[in-house]
Amino acid sequence: MAISGAAAASATLSVSGVRAANEQVRVLGQGLSSLLAVAEQIADQVPNSAATPAVPVDAGRGQNVDVSA
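One point on numbering: in my numbering, the residue at position 4 of the sequence shown is 47, and numbering is uninterrupted.
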């Protein structure tokens, strides 16, 4: 009886350990999904290279900056 009791306790601990690991993976997945959603929102707000002017603009004077000077 003691052996089967120890085996049952070990099996219970193994199952609870697997459940705890699964819960950690689930929470990690939710956090990663949230992080990716925020990164996507930020990426949507950042202009891509096609929308960026080739010549830098001095916003203070509204003029193009001569970068070769």
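It cannot be assumed that every hint is accurate.
Distance ranges between label pairs, derived from CB positions [as the list claims (entries may be wrong)]:
#	residue 1	residue 2	range
1	85	59	36 to 44 Å
2	79	55	34 to 42 Å
3	53	73	39 to 47 Å
Simulated from the structure, these hints should not be mistaken for laboratory data.
Don't be surprised by glycine CBs; every beta carbon is placed ideally from N, CA and C.
Hint check:
Taking the beta carbon of each, residue 85 and residue 59 are about 39 Å apart, inside 36 to 44 Å as hinted. Checking the proposed 34 to 42 Å range against residue 79 and residue 55 shows it holds: the Cβ atoms sit about 36 Å from each other. Checking the proposed 39 to 47 Å range against residue 53 and residue 73 shows it is violated: the Cβ atoms sit about 31 Å from each other.
In terms of the numbered hints stated before, the structure departs from hint 3 and from no other.
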